[in-house]
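> Sequence:
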Amino acid sequence: MNKIVLSLLLLSFPLFGQLPFNEELSSDLKINSFVYGTLLKPATPTSTLAIIISGSGATDRDGNSQMARNNSLKKLAKGLASQGIASFRYDKRVLTLMRKGALQEEKLVFDDFVSDAVAAAQFFIDRDQYDKIYFIGHSQGALVATIAAQKVAIDGVVSLSGAGQSIDQTIISQIELQMPDLKENAIAAFNTLKEDGSVKDFSPALASIFRAEVQPFMASWMQYNPRREIRKLKVPTLIISGTKDLQVSVSEAQLLKKAKPDAELVLIEGMNHVLVFIEGDDLENSKSYNQTSRSLSPELLTQLSSFLKG
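So that you can map any letter, position 259 of the sequence shown is 259 in our numbering, and since no number is skipped, the others follow by simple counting.
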């Protein structure tokens, strides 16, 4: 499928009318000084827009980072376009700041990501081009979407591979499995961070979690309990999890469903964290994080299309 990149200033009805039936329209947009992304429109006019919010780390609009390149969110956007749904996906603020040489980790807080999602939604609401606007939050982005949806008038939320526990509980559970001797040390460090806003007494083995520069962000993130936040939503909510997800198990999605019984829960057999189908073992699963050739889970598109068009 050919891709035509156009500036918004060049979009006009005569030009649009000349496009072949099967071509998408892709436009780079600057929402503000922190939010840069891509608006992908399907070949035929649509009244529905999905704003895609990426997961943790310095992740770009396509779902890629320095450690993993799989184009998961680019595939998601193109898949939605094939279903007649427009999408806007954007680079994480941390990546934008890194590219500008302006990243100050100690000043970054979780609510910055929420503000970016709200700004993106409000941008499109103000332009009144779409009848329905949804958030699709992937991994950490699921919590961002859940909180942002409480602050801006959108039509629904998709929690895609989102955690059901707060980040401190998630990390403690991982430490218990991988480094059980450090569990109590981690619990004590998180408790101090929660109470005092900073912590100095922790094992050197946990330095990547508790180094001084990231403590403000961690403290701001751990104050949010995904179950409590999803319970606050007043809009239709879809919770999706894959049975081959090595990072966020289906039990997390079930926690979210228990917290919000009126949400729709979909467990996709064989789908992993980067949204592709895995037939084999964990090695195949891990390799897929750096494979751009794999196709998006067809069931994921089916479920998203049904929810977003419903």
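The set of hints was computed from the structure by calculation and includes no laboratory data.
Please note that a few of the clues may not be correct.
[Stated by the list, open to error] Derived lysine-lysine pairs resembling DSS-like cross-links, with alpha carbons at most 27 Å apart: (1) Lys30 x Lys100; (2) Lys309 x Lys194; (3) Lys260 x Lys200; (4) Lys287 x Lys78; (5) Lys258 x Lys234; (6) Lys107 x Lys30; (7) Lys200 x Lys258; (8) Lys234 x Lys287; (9) Lys194 x Lys183; (10) Lys78 x Lys258; (11) Lys260 x Lys151; (12) Lys309 x Lys132; (13) Lys107 x Lys151; (14) Lys30 x Lys151; (15) Lys234 x Lys183; (16) Lys232 x Lys260; (17) Lys151 x Lys287; (18) Lys287 x Lys232; (19) Lys132 x Lys30; (20) Lys309 x Lys287; (21) Lys132 x Lys194; (22) Lys232 x Lys194; (23) Lys151 x Lys194; (24) Lys309 x Lys258; (25) Lys260 x Lys194; (26) Lys132 x Lys151; (27) Lys100 x Lys194; (28) Lys232 x Lys258; (29) Lys200 x Lys234; (30) Lys107 x Lys234; (31) Lys287 x Lys132; (32) Lys151 x Lys309; (33) Lys232 x Lys183; (34) Lys151 x Lys234; (35) Lys107 x Lys194.
None of the values given here were measured: they were computed from a predicted structure.
> Is Lys234 close enough to Lys183, meaning Cα to Cα at most 27 Å?
37 Å, violated
> Holds or violated: Lys234 and Lys287, Cα atoms, limit 27 Å.
39 Å, violated
> Is Lys194 close enough to Lys183, meaning Cα to Cα at most 27 Å?
Within the cut-off at roughly 16 Å; holds.
> For the pair supplied as a hint, Lys132 and Lys151, is the alpha-carbon distance within the 27 Å limit?
16 Å, holds
> Straight-line Cα separation of Lys151 and Lys194 no greater than 27 Å?
24 Å, holds
> Holds or violated: Lys287 with Lys132, Cα cutoff 27 Å?
The given pair, whose Cα atoms are some 37 Å apart, is violated under the 27 Å limit.
> Checking one constraint from the list: CA of Lys287 to CA of Lys78, max 27 Å. Satisfied?
Since the Cα atoms of Lys287 and Lys78 sit roughly 22 Å apart, the hinted pair holds (cutoff 27 Å).
> Quick one, are Lys200 and Lys258 close enough, alpha carbons at most 27 Å?
Distance of about 36 Å is beyond 27 Å: violated.
> Regarding the pair Lys132 and Lys194, is the alpha-carbon distance no greater than 27 Å?
Not satisfied, since the Cα-Cα distance of roughly 38 Å exceeds 27 Å.
> Can you confirm whether the C-alpha distance between Lys260 and Lys151 stays at or below 27 Å?
19 Å, holds
> Run the distance test for Lys151 versus Lys234: straight-line Cα separation, threshold 27 Å.
11 Å, holds
> When you check the alpha-carbon spacing of Lys151 and Lys287, does it fall within 27 Å?
38 Å, violated
Hint check: violations occur at hints 2, 3, 7, 8, 10, 15, 17, 18, 20, 21, 27, 29, 30, 31 and 33; the rest are consistent with the structure.
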